[in-house]
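Please take these sequences and the hints and turn them into a complete structure.
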Amino acid sequence: MPRTGLRLLVPVLLVLLWWTTSAGSTSPFYPPLREVLAAFGESWLFARVGSDLVPSLTRLLAGLLIATTVGIAVGTALGRNRLLRQALNPAVQFCRSLPGAALIPVSVVLFGIGDGSKILVIAFVCLFPVLLNTVDAVRGIDPQLEDVARSYRLTPAQRLAFVLLPAAAPQIFAGIRTALGIAFIMMVVTELYAATNGVGFVTLSARNSFDVPQMWAGTVLLGLLGVALSALFLALQRRVLRWHIGMTERT
Amino acid sequence: MLSVTNLRKTYGSGVQAVEAIRDLTLTVDRGEFVCVVGPSGAGKTTLLKSLCGLTKPSSGTVTLAGAPVTGPPKEIASVFQDYSRSLMPWFTVHRNVGLPLYNRYRSTADRAERVATALDAVGLSGFGDRYPWQLSGGMQQRVAIARGLAYAPEILLLDEPFASVDAQTRSDLEDLILRVRDDTGVTMLLVTHDIDEAVYLADRVVVLSARPSVVLETVEVDLPRPRDQVTTKRSPRFAELRAHVLTLIRRTALDGSASTPDHHSTTGERR
Amino acid sequence: MRPALLLPVLTTAALLASWEALSGTGTLPPEIPPVSAVAAWLWANIGTAVLWAAVAQTLAHWALALVVGVTVGAFVGATMASAPVVHELLLGIVEFLRPIPVVVYLPIMLLLLGARPVVVVVLAAVAALWPMLLQTLYGVRDVDPVTTDTARVFGLTTPQRLVWVTAPNVLPYFFTGLRIASTVTLLVAIAIELIGAVPGLGNTLAAYAGNGLYDATYGVIVIAGLLGVGLNAVFERLERRALRWHSAYRTQYA
Chain A
1 MPRTGLRLLV PVLLVLLWWT TSAGSTSPFY PPLREVLAAF GESWLFARVG SDLVPSLTRL
61 LAGLLIATTV GIAVGTALGR NRLLRQALNP AVQFCRSLPG AALIPVSVVL FGIGDGSKIL
121 VIAFVCLFPV LLNTVDAVRG IDPQLEDVAR SYRLTPAQRL AFVLLPAAAP QIFAGIRTAL
181 GIAFIMMVVT ELYAATNGVG FVTLSARNSF DVPQMWAGTV LLGLLGVALS ALFLALQRRV
241 LRWHIGMTER T
Chain B
252 MLSVTNLRKT YGSGVQAVEA IRDLTLTVDR GEFVCVVGPS GAGKTTLLKS LCGLTKPSSG
312 TVTLAGAPVT GPPKEIASVF QDYSRSLMPW FTVHRNVGLP LYNRYRSTAD RAERVATALD
372 AVGLSGFGDR YPWQLSGGMQ QRVAIARGLA YAPEILLLDE PFASVDAQTR SDLEDLILRV
432 RDDTGVTMLL VTHDIDEAVY LADRVVVLSA RPSVVLETVE VDLPRPRDQV TTKRSPRFAE
492 LRAHVLTLIR RTALDGSAST PDHHSTTGER R
Chain C
523 MRPALLLPVL TTAALLASWE ALSGTGTLPP EIPPVSAVAA WLWANIGTAV LWAAVAQTLA
583 HWALALVVGV TVGAFVGATM ASAPVVHELL LGIVEFLRPI PVVVYLPIML LLLGARPVVV
643 VVLAAVAALW PMLLQTLYGV RDVDPVTTDT ARVFGLTTPQ RLVWVTAPNV LPYFFTGLRI
703 ASTVTLLVAI AIELIGAVPG LGNTLAAYAG NGLYDATYGV IVIAGLLGVG LNAVFERLER
763 RALRWHSAYR TQYA
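Chains as they are written, first to last, in our numbering: chain A, 1 to 251; chain B, 252 to 522; chain C, 523 to 776.
Note that these hints are calculated values from the structure, not bench results.
For every residue, glycine included, the Cβ atom is placed at its ideal position computed from N, Cα and C.
Check each hint, because a few of them may be wrong.
Simulated coverage check for chain B against chain A, where a stretch passes if three residues somewhere in it have a Cβ under 8 Å from a Cβ of chain A [unchecked claim]: (1) 329 to 338; (2) 349 to 361; (3) 381 to 393.
And the structure:
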């Protein structure tokens with residue numbers, strides 16, 4: 001059997017197992033997969049896409065974007081300046097170790113349950129993987145590359161854009177990848193805690209109204225979203241870091 | 252044109268201070284090819300870094316056409332020792348060579364033309380779209396030389412440019428440098444620990460002592476040009492000059508601190 | 523005090539002082555209490571059983587989940603790395619399930635099991651499983667074939683090779699996985715306590731915030747943060763110790 005066939009075997013078997021064991025199920029908690037798929041089609045193809053899926057994804061991406069921008073900017077500054085790094089070290093260490101979920105109640109109290117509050121929490125929690133990776137990357141840059149840049153009289157802006165950031169990019173991307181996973185967790189958790197829309201919100205409300213197939217459908221959608229976002233990010237990374245992939249494959 | 256007077260450079264302070272260069276005075280005239288040769292750890296790289304304004308001397312002066320050098324001057328281009336660490340792996344050959352030209356030529360067409368000329372001069376036309384890591388070591392170092400040439404400097408500084416390539420490539424690159432110099436008339440200052448290379452290339456060889464460095468002697472190389480890897484190196488005069496420089500270096504290496512760590516030997520480990 | 527310590531201590535003090543000043547002047551909203559009030563609450567409650575019970579519950583969830591997740595993850599990872607058939611069989615499902623954050627399963631788990639500690643432990647264990655599985659997989663596969671061949675040439679038996687060759691190579695990966703797993707487990711445990719109303723720091727936090735007890739809310743956040751810092755420090759130290767013998771190797775390739 002070809003490799004890909006073997007790899008698909010277990011997932012396909014699991015889905016089949018789910019289908020057959022649930023087909024005649026009368027348990028209210030374990031509805032037939034057929035019903036789950038029907039609920040999925042009803043809600044997510046595409047009735048609730050605009051009202052719930054788009055807001056969820058918007059919050060996730062906005063939070064991630066803010067975290068990435070601020071993380072790279074502050075991380076570069078801290079990486080370049082030893083005194084600044086030492087001075088802010090205790091604050092950074094505390095904030096990055098803080099379990100992000102602990103901030104949600106406070107954020108809701110301060111900013112309500114709207115988009116702003118959720119985006120802020122997502123951004124705060126995602127900030128640290130990006131920031132710490134940027135600091136490490138910037139500190140690890142080969143001094144000879146900087147000598148080259150200086151001796152050819154590149155301006156500070158050119159040094160940043162053409163030398164510093166490209167050199168740091170592989171490690172920064174690793175940080176963003178970690179942040180993406182955390183952003184997804186925080187997106188779901190903020191919606192489960194308190195919200196008026198979003199995929200997580202719909203899924204949890206379905207439980208409260210005992211619409212079990214809808215709940216399973218929401219769970220399936222969230223799972224697919226996690227897989228899709230991760231795949232999209234990897235594709236983006238492969239594109240941006242083509243040079244790095246080519247270089248490491250060669251050695 | 253480029254002159255160094257009583258240059259001294261100490262790293263660190265207090266008891267841990269290391270005196271890399273004690274007292275160096277030398278001049279390079281316009282159009283000249285000067286090689287600086289010295290035992291390992293003789294502060295050769297420190298000298299070059301002071302010349303191109305990357306480090307500040309502890310005392311003494313560096314002047315270029317009479318004006319003191321305080322930062323990297325636009326008249327000087329450098330070729331660094333380790334090509335794998337001096338080219339940007341995220342840029343193609345073309346962009347690597349063109350990078351320093353951003354502030355000099357506004358138009359993309361002008362830049363492209365200069366890059367093409369420089370790549371042609373080092374025999375790399377047609378490789379502009381490759382990435383440095385797709386090329387052999389010798390080709391990468393030629394890209395670095397092309398980058399220096401495209402900058403249109405009055406002086407080209409070369410820091411052990413052929414230290415990390417194999418012997419055959421090395422002599423090819425030496426001849427390439429000589430040809431470039433004939434074509435462009437650019438002033439060259441090359442630092443090396445290879446005595447043959449220094450004598451083969453230079454109009455004058457400046458021999459440094461072990462650390463802390465002083466100039467032991469400046470040797471005029473009166474070998475005829477054009478030079479040739481076979482005939483020049485076979486001539487009795489070449490052997491004589493080579494033996495003379497070697498004797499100077501041997502002596503300094505013996506009474507200098509033999510325990511001096513070889514600073515260049517560490518550069519190859521970071522890969 | 524050493525000068526190297528002076529700067530961070532002074533800066534941190536300045537940050538806290540400006541927070542205090544901003545609350546004092548009313549620049550910050552009343553929902554953010556001054557540092558002094560948070561400190562006072564912590565001081566008054568640091569000895570109370572209620573607070574320590576919450577910390578203990580969260581730590582118990584964390585520890586149990588970590589043990590289960592790490593054991594399963596390491597076992598599956600090692601099996602996948604050493605048996606190609608298992609690797610091919612499981613890779614598809616692993617690659618599919620891994621990017622799905624465990625909180626996704628929370629509504630279903632709450633439905634099936636109710637708001638009970640076991641939900642926290644199961645989901646946090648799944649969260650701990652992934653980094654462990656992947657790190658073990660990489661670690662076992664990364665053993666240099668030359669080393670293995672050398673060991674074979676010198677006639678080491680399979681158990682000997684496992685203990686002397688494979689294990690030391692896998693150990694750094696194992697501790698890296700452990701550190702990541704610990705962080706994720708704590709985050710997930712507190713998140714689920716918060717949403718599912720399972721007793722622990724997360725639930726305590728939600729209760730204080732919901733009742734407008736802001737001094738207490740921030741006090742608990744500080745404790746959660748310190749818990750995170752402490753666990754991070756422990757696992758980073760473990761990782762560094764495991765890495766020591768080939769730290770040079772690591773920094774070169776970093």
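Evaluation of the provided hints:
no. : hint       : in the structure
1   : 329 to 338 : holds (count 5)
2   : 349 to 361 : holds (count 4)
3   : 381 to 393 : holds (count 3)
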